[in-house]
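Protein chains: 6
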Amino acid sequence: MKKGIAEYQVGDAFDSYMLIKSASKGVASNGKPFLTLILRDATGEIEAKLWDASKEDEQTFVAEQLVKLAGDVNQFRGRLQLKIQSIRPAQLTDGVKAADFVEKAPISPEELMEKLTEFIFEMKNPNLQRITRQFVKQYQEGLLTYPAAVKNHHEYVSGLAHHIVSMLKLAKQLIDLYPDVDQDLLYAGIILHDLGKLKELSSATAPSYTLEGKLIGHIPMMVEEIGAVAKGLGIEGEEVVMLQHMVLSHHGKAEWGSPKPPMIREAEMLHLIDHMDAKMNILNRALKKVNPGEFTERLFAMDQRSFYKPVFTNSYRED
Amino acid sequence: MKKGIAEYQVGDAFDSYMLIKSASKGVASNGKPFLTLILRDATGEIEAKLWDASKEDEQTFVAEQLVKLAGDVNQFRGRLQLKIQSIRPAQLTDGVKAADFVEKAPISPEELMEKLTEFIFEMKNPNLQRITRQFVKQYQEGLLTYPAAVKNHHEYVSGLAHHIVSMLKLAKQLIDLYPDVDQDLLYAGIILHDLGKLKELSSATAPSYTLEGKLIGHIPMMVEEIGAVAKGLGIEGEEVVMLQHMVLSHHGKAEWGSPKPPMIREAEMLHLIDHMDAKMNILNRALKKVNPGEFTERLFAMDQRSFYKPVFTNSYRED
Amino acid sequence: MKKGIAEYQVGDAFDSYMLIKSASKGVASNGKPFLTLILRDATGEIEAKLWDASKEDEQTFVAEQLVKLAGDVNQFRGRLQLKIQSIRPAQLTDGVKAADFVEKAPISPEELMEKLTEFIFEMKNPNLQRITRQFVKQYQEGLLTYPAAVKNHHEYVSGLAHHIVSMLKLAKQLIDLYPDVDQDLLYAGIILHDLGKLKELSSATAPSYTLEGKLIGHIPMMVEEIGAVAKGLGIEGEEVVMLQHMVLSHHGKAEWGSPKPPMIREAEMLHLIDHMDAKMNILNRALKKVNPGEFTERLFAMDQRSFYKPVFTNSYRED
Amino acid sequence: MKKGIAEYQVGDAFDSYMLIKSASKGVASNGKPFLTLILRDATGEIEAKLWDASKEDEQTFVAEQLVKLAGDVNQFRGRLQLKIQSIRPAQLTDGVKAADFVEKAPISPEELMEKLTEFIFEMKNPNLQRITRQFVKQYQEGLLTYPAAVKNHHEYVSGLAHHIVSMLKLAKQLIDLYPDVDQDLLYAGIILHDLGKLKELSSATAPSYTLEGKLIGHIPMMVEEIGAVAKGLGIEGEEVVMLQHMVLSHHGKAEWGSPKPPMIREAEMLHLIDHMDAKMNILNRALKKVNPGEFTERLFAMDQRSFYKPVFTNSYRED
Amino acid sequence: MKKGIAEYQVGDAFDSYMLIKSASKGVASNGKPFLTLILRDATGEIEAKLWDASKEDEQTFVAEQLVKLAGDVNQFRGRLQLKIQSIRPAQLTDGVKAADFVEKAPISPEELMEKLTEFIFEMKNPNLQRITRQFVKQYQEGLLTYPAAVKNHHEYVSGLAHHIVSMLKLAKQLIDLYPDVDQDLLYAGIILHDLGKLKELSSATAPSYTLEGKLIGHIPMMVEEIGAVAKGLGIEGEEVVMLQHMVLSHHGKAEWGSPKPPMIREAEMLHLIDHMDAKMNILNRALKKVNPGEFTERLFAMDQRSFYKPVFTNSYRED
Amino acid sequence: MKKGIAEYQVGDAFDSYMLIKSASKGVASNGKPFLTLILRDATGEIEAKLWDASKEDEQTFVAEQLVKLAGDVNQFRGRLQLKIQSIRPAQLTDGVKAADFVEKAPISPEELMEKLTEFIFEMKNPNLQRITRQFVKQYQEGLLTYPAAVKNHHEYVSGLAHHIVSMLKLAKQLIDLYPDVDQDLLYAGIILHDLGKLKELSSATAPSYTLEGKLIGHIPMMVEEIGAVAKGLGIEGEEVVMLQHMVLSHHGKAEWGSPKPPMIREAEMLHLIDHMDAKMNILNRALKKVNPGEFTERLFAMDQRSFYKPVFTNSYRED
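Protein chains in written order, with UniProt numbering: chain A, 1 to 319; chain B, 1 to 319; chain C, 1 to 319; chain D, 1 to 319; chain E, 1 to 319; chain F, 1 to 319.
Mixed in with the good hints there might be a few duds.
Any copy will do: because identical chains look the same in the list, a pair fits if it lies in one copy or spans two.
Derived BS3-like pairs: lysine-lysine, alpha-carbon spacing no greater than 30 Å straight-line [to be verified]:
#1 K68 / K231
#2 K289 / K199
#3 K124 / K309
#4 K83 / K199
#5 K32 / K3
#6 K124 / K151
#7 K32 / K289
Calculated directly from the structure, the hints in this document are not laboratory data.
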């Protein structure tokens, strides 16, 4: 397998493909324009400067463009930098695709879709099932490629579907322990709760906020769309209001973006499950990066805490 | 003019009509059921007990029922109470109507409607004008009768229209002072901002929260409805998003129920104008009840402050 | 089965046993002392006044005393009250015991103990297992009878063990979903996290705070005791510190009583599981008391929210 | 008209006058002292280094000194910098004055003074009018030149008078809408509310905080001075206390610097008007700098929000 | 010595003098007016109803009036009440004075004045000493009789002087430990810091807030007055600003009423000493009322905490 | 006396001993490793780069190592830097010791120990005295060398003992003023309150947090240890609980790390004394660094305030 950018060191020569994550223009001290490129592959990122950039360069080397580069890896202010010797846009004949240059969920989209279908199949309430099916059908492509968030948790390709399936599994277990919960409402709420992000964010691989995303936000957009879909399907009544309430309240508090807090049991559960799965995703990925006896970096979404990885635990695990 | 309930004193005999604001059932120490009625007319409220209430009484004497009563006014624990000697539902032939038994805006619905029409007529952007017209047409009855809120400010019949027209006048003056403001967007935002309350509250004269009002709230409901109305009229584009953003953000902060804060100038103005008109309505009405040299009662919506009415000011007013 | 106090109505005669929950002395307008007794059985509570109470009465009728009473149920300010005709302490020969007059967990202590033993048996780390066993052995009686809290959640006899076993089941499922978690540390943390309450509270059936409970609190007391028990067993090292940290941090934040927030993965999970099981216990019990289409009373430990019980859900449940 | 500094680009030669906004001393790597000068004209600022600065240079090139410079504009770390070839203090014969090198209100001091005089003329209460006149007379020069604040809003020459006149216009309109308001008290409060800044800040063109400004602040200083002025004019009674209260409470809350919140109607209005005019000033100036379809920079005094400038609005404006 | 009201019990006859603390009018169920009197002596308070009160009674029996009463002590809703048989205003010939019917500082005004004079005598800075002397001379009567606060701490006659002298003693000790502190500034700040309360409150024995007290508050009033007194004495310069800053900042934080926090060492000390002496006064008085082994009532000004009085401590005290 | 590092200037030659405070590794642009050393003596710190550092260098030049250096002082980005010409570890024969290269309390450890002994000797309660003696004996070395904190206050060698003795002196004065305080409990609490820091921090001269310090913290560790010591000495009862409570609550509030707030008088005093002595230490040291008429730097532990040093005060001091 090819070496990822995370494995390069100072002095290594580079001759391979990368995806442009962002490109911004500057003016050098000699008065000539240059481009600062952030390049990525599935393992990480590196910065590169393209000096004496022409107008054409500016239009060619933009976010989401795949490029072929040659150059050397050196260091600037303690961070690695790629010194570009040649750069060109990737072509169809190069046989590379953007999706291979970004981090992805540990489960394939096909498998995630299969799991999702199983859960929908288990639903018995026809109204909830039909609305859910309609959304999954309509948004299938985005649902299987978008991240669950721009940063913090599940912030990788297929992160949204990965998060949803993980939450559904957790929900299934909880329904076993607390059997009064309405399974269908909880499943529907989990599947739909973050679908508004498909309109809030601009793309799966280089997501930024859309105008509607910034001024309305994924929660009210999704509440509106559930109303429209239900009307389209001729479904009325309490289920629709409950489903809108599930989505509306899933951030838990007004100051976290939910104008109403959870006011039905399933909405409270949705909030707790979302919270737990997001935290476990953050924690597990951060702890994987450190050795036993060390602390992780400070984790923004965990109140800036560092977590310790104990030394003793390995000795007693079976595997 | 007939004497209002606010003018009765201990010992007065009563023989007239009242509107039941609320009715609740209790069990007396003799084991028999009774009803506690809160009765109101346009000047105020009084409590009455209907002892030995039958099943039929329970079903007859309910909120929003007009009744004819005879009895005496006495006092219980420092508050006036009506001792019922006879009570019956008002009949068509009595020639009384509920609307005369509640507090009303100081301007008539007709005049408010006329003002509203003038402002809409001044709008030049056809998209904003058409959406606004459609809402006013569709909701005209509620718009002209509902209060602006259940308590705190403009909490009287036609309070919503009164608040809207007062805000529009203020907006007009502000546009003179700050001419960069988009008049049409501001007018449309003012007219629509609280229309969701027509679905959030159950009625104009005895308003309580509907299920949808409690679980979704007037702001997301209205955002959804603007989307649906625009689609129905075939209007798309920035104006629709801006109008939804105006409504969404008009409470100003997430913890006050707006998942997005104002992010366009006109949304900020809508929030400030709403705030100012609500505060002036509260203050003016509270200060009317006290004499110069006194403090008002503590005002909940003004951070529990009491306001002082200065003595000196009268002497220099022209009127 | 005997009628519980919750089933009595105004006018009913009473002749049975009750447990005194609290007794407080007052002086009547005739200058004579009386006792206000709060009496309970497994279904609820009722107030009673014992007039002209002698010194001996004061010493006899105290909290946790079982009594035999005869009298009538009447009403005072809208609440039921028991008018005492005769009262005497229950005697051995009466064949009643306090434990039958309080609310209890829906699972028997024996079954809870069995479950607990199974989970401990699954632990592989000998240090964690030995410390846990030692605590369970030493505190077995309290562990199986104490409530998990004085109010809010699992506030009934055996509530602590019920809460622990419910959390252990949830933990088992979560370890399946997130297999990096250290099972033994999580199990040990769950079992020990609230054992300090056995010293913080005075008794299982009429719990109040002890002096040490008020001035030190169950968390630091338990941290201290884990240190002492480990030393007694000759166990040293990281496991002990981690276990102390689990207990110390399980309230999640300094302002909720944990001087350190969770800083290892298992501590974070302990906190999340504790939170989820407590909330589900509160919600499920509150929703059982209302009919579909109604809201629960405001729930103090759920940020004063009322929860709605949907109407639609019954129709699609299998049972 | 001469080119302003904001219009210069990398490579341009410079030969003109600038005002020194601040000067600070450093030591170069060769051990010799240098000065970092921030230079400004009415359009903006630029940094310049004066190498090998002598003791005399240090004393000559200080804040508020006008200088004649020749040099070249180049770039350092992405920002323009002026490379000095020659520099000397401006002389009387140069015919330049500091006032032309700073940002100014869009209305002339003369016109602002005229407006102010008109409003004072409208006042009918002789006590309030006399106190107000006395302050305006005594502080006229500062009032017409000082900014309203060091940053955030109206932070330009004559900003204070511009803010006051703008608030007075707004007040006049509001009094039309809410006629119970005492015009004279509101006018007097608006004119005096920020005059304490003339003592809090050191100068109109390069304002910094005075010792008294830092340790006492403009609000208590102004309350004290109203007391002294009223005593000097032989005026006593409620008007004086009300006026002191207006100034004291105009920041609205203790945490914003007002030890008492507004407790009379006119004080509440003063606070709301101050708030509205400050926000509109910030918003209008920030939106002028961006094109339709863009967001402004984050605005510190607007809770760090960025504001969007809609695209659609231009098409329907008459002008 | 005469029996204080705190020593009376149900059934005792009463025939003595009391001070009216407050009087409020009500209307009885028979339609006749009555007065609710709160009566006090130096040991405590009791409520009494004066039935069938005439207009003259209303004007006679008002707050701060000394009265002679005869009647019986009985009980209403668990609290003692005085049943009035006869009541008349006290006369000069009765030889009683209001000051004997209120709680007083444990040290006499004469002794407090002597102590105060000693501390002023120790001051060496003539400016600070002259300002301080001037205030003490001007306000001597109020200073020696007013409480330090309406409630919470030193809320008794001469409480202000008691608090000041106690703080001065503490300051003297602290200057020994931290000799860099400026003694004169600290002494002057302590003596003046709360003198504004003499204008904020209406009287020494039945204090309520004056209009100026409510709308301006004692801190800004005192800052103003220091300015006026210094000007009157022809004193200018830093000492005056520092003294104003001491008073202005002594509450420590904006949200506690100080628009500027302490920004000189002596101001910080003044705040800390004020805080410590107030807390010790509250604690010592609350702990005196309970027995060893008990908790005090919840103390409002100590964050609602109850304090425990240990049992063990007495055995090792020498006295 | 030798010149301290704080007295060196650009261009000075250096040839003397320094203590390494911290050492971190980097990679230069030529790909070779280097060490960034922070070097300190009792007067201050300086940075130095050791280029082309070998593996051996990395292991030799570590925190807490004394070194002999020769080189020149120059400047990099406005800060002094030492350019190393030669460096070697200090040897026994060099006759230097680490303790001379760090800031120290102004009182010697011997004198501090003597004072401490006197205070313990004054204690009369044998239980409290024995526990205190045991701790002082056991921890004597750390107690006399550790700082009281890593930063903010008393952050120098012997800072802990200096803080304790200063607090004891303050306590003695306060007991004079408020004689109800239990001297022995207060003395014991002061001496023990921060001893947990000896386990929380790694060393006296280069303190960092230990694992136990990070995950448990000094307060719960000390509560545990008081329990263990008391058990070891066979002491039981209220004194032990009170002492644990003193330590537990001394930070005053849950959000500052005390799970219980002070609930006995002596605990409240301990908190207030700790607070006052820490603040005076910070203030006095910050004010020493500035001239009259200047402000100190912003002080983190004083809510980021800058303090002003008045000009007038010197003239009236006797010394």
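* Asked: Hint numbers the structure violates, sorted upward?
  -> Numbers 1, 4 and 6, in rising order.
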